[in-house]
Amino acid sequence: MYTRELKEAPEYPVFRKEPAFGSYLGSFKFLDISGMRRPYGGFPIPSAVTKLRIFGSASFFFCDGDILGETFFFSNPVFAYMETVVWNRKTAVRHVYRQPVLNRLTRMPRKIEGGSISCRKKRNFARLSIRENLHNFALALKLTGTRGAKNRRQDLSGKLVLSCAAAGGAVFSALVPYVNRRRCQASIYAAGYAGGEISCSGKTQRFQGAALAELREAYFSLRTKAARLYGFSVWNGKVLAFCLGDSVSKDDYACNSNVLLYDGKITPLPPVRITRPYGSAGEWIIQDTENMVDLKFLPVSVYAHKKSLLIVRTQYKTVYGNFEGALMTADGEMLPLKDFPGIAKKILLRL
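The numbers in full-length UniProt numbering rise by one with no breaks, and the one at position 339 of the sequence shown is 339.
Hints were generated in silico from the structure; no laboratory data involved. Since the model is a prediction, treat every value here as computed from it, not as a measurement. Each residue gets a CB set at the ideal place from its N, CA and C atoms; glycine is no exception. One should not assume that every hint holds.
Stated by the list, open to error - Pairs of lysine-lysine residues, derived as DSSO-like cross-links and limited to a Cα-Cα distance of at most 30 Å, are as follows:
id, residue 1, residue 2
1, 121, 307
2, 17, 225
3, 238, 225
4, 296, 90
5, 159, 51
6, 51, 317
7, 307, 159
8, 265, 122
9, 111, 121
10, 250, 265
11, 7, 250
12, 159, 306
13, 317, 306
What the hints assert, rightly or not - Restraint-style ranges between C-beta atoms, simulated for each label pair:
id, residue 1, residue 2, range
14, 42, 93, 50 to 56 Å
15, 350, 110, 25 to 31 Å
16, 308, 90, 32 to 38 Å
17, 333, 202, 43 to 49 Å
18, 326, 202, 39 to 45 Å
Take these sequences, add in the hints, and give me the full structure.
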């Protein structure tokens with residue numbers, strides 16, 4: 001059976017220009033990968049320039065019996081934006097709230113504990129905060145809908161708290177080579193039960209479900225393509241979350257960020273092959289060579305968006321759907337999934 005050694009997370013993923021490649025229990029104390037030695041080859045490019053190629057993102061996924069959604073922050077020295085997408089699981093109705101910003105989005109927090117990333121606009125406010133020694137991730141939203149449209153978007157507000165210290169919670173970190181070993185990608189995942197309130201057009205409802213938080217920072221290329229899948233929900237009374245993605249380096253068998261978080265236990269997963277024989281709106285097939293991952297992702301609703309700003313171009317799809325198939329834990333337990341909710345993302349970024 002495939003496995004990777006899990007160590008206690010160091011304070012810094014990159015310390016004194018040396019990357020600590022590996023998979024870790026818990027979280028890095030500081031999410032800072034700057035300082036790699038010549039990350040773009042043998043050219044003596046100043047570190048002040050290479051830092052401009054470091055892109056950060058933060059995601060908060062949440063799901064209960066009625067709704068499924070994601071709040072996503074993207075930040076780099078050139079531009080930034082926030083996006084929240086919420087689906088009604090019973091009707092598949094989708095609401096999208098998007099806010100590009102230049103200087104009002106705080107950058108990815110260097111110190112994780114007590115840090116936050118936020119979008120502060122008059123119409124749209126969103127903030128993701130990390131509290132209490134990395135044990136709580138809190139999301140606050142106050143988003144304005146549209147008026148006068150036939151299918152108008154509703155106002156949305158709410159507060160959700162993901163508790164990693166409670167039973168069923170888990171935190172995982174990884175630092176992996178990105179394209180080559182001169183560059184790297186740092187990731188932090190936290191999963192657990194989540195509670196709070198969500199209000200849509202003045203109607204408030206309690207939220208009791210599962211949530212998954214992801215913090216990521218990487219040295220990006222001029223042209224970056226990626227596909228990632230996230231599953232997160234309460235399954236048989238236990239929190240089940242997993243993250244699977246395309247390979248980002250040739251050494252992905254020994255070092256990758258694929259992971260299964262189940263009932264407070266962490267299972268490193270092997271590299272997977274993601275194929276879309278019928279396009280993004282059709283069936284996705286996710287398999288490995290170790291018989292630990294055998295999944296199909298069946299899309300329900302596809303949200304596609306293109307954005308161009310000066311020399312920046314983004315093209316991405318966020319897909320809500322359900323997983324079918326099976327996953328295996330490190331203990332050899334097989335988890336058969338049927339209509340398990342999740343989100344798939346396909347991204348193309350040029351800068």
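Tested hints:
Restraint check for residue 121 and residue 307: satisfied, since their Cα atoms lie roughly 20 Å apart, inside the 30 Å limit. Restraint check for residue 17 and residue 225: satisfied, since their Cα atoms lie roughly 26 Å apart, inside the 30 Å limit. Note on residue 238 and residue 225: the hinted pairing is violated, with a Cα-Cα distance of about 33 Å set against a maximum of 30 Å. Among the hinted pairs, residue 296 with residue 90 is consistent with the structure: their alpha-carbon atoms are about 21 Å apart, no more than 30 Å.
Proximity of residue 159 to residue 51 is assessed by CA-CA distance (about 33 Å); at most 30 Å being required, the pair is judged violated. Distance check on the hinted pair: residue 51 and residue 317 sit about 27 Å apart at the alpha-carbon level, within 30 Å; holds. Between residue 307 and residue 159, the direct Cα distance comes to roughly 29 Å. Compliance with the 30 Å bound is thereby established for this hinted pair. Taking the CA atoms of residue 265 and residue 122, the gap is near 41 Å; set against the 30 Å cutoff, the hint is violated.
With a C-alpha separation of about 24 Å, the suggested pairing of residue 111 with residue 121 holds against the 30 Å cut-off. With a C-alpha separation of about 27 Å, the suggested pairing of residue 250 with residue 265 holds against the 30 Å cut-off. The hinted pair formed by residue 7 and residue 250 meets the criterion: a straight-line CA distance of about 22 Å does not exceed 30 Å. Pair hint residue 159 plus residue 306 holds up; C-alpha atoms about 29 Å apart against a cutoff of 30 Å.
A distance of roughly 9 Å separates the Cα atoms of residue 317 and residue 306; the hinted pair therefore holds under the 30 Å criterion. Between residue 42 and residue 93 the Cβ separation comes to about 53 Å, which falls inside the hinted range of 50 to 56 Å. Roughly 27 Å separates the CB atoms of residue 350 and residue 110, a value that falls within the hinted 25 to 31 Å. A beta carbon spacing of about 36 Å between residue 308 and residue 90 agrees with the range 32 to 38 Å that was offered as a hint.
Between residue 333 and residue 202 the CB atoms are about 44 Å apart, so this pair conforms to the stated range of 43 to 49 Å. A hinted range of 39 to 45 Å for the beta carbons of residue 326 and residue 202 is consistent with their spacing of about 43 Å.
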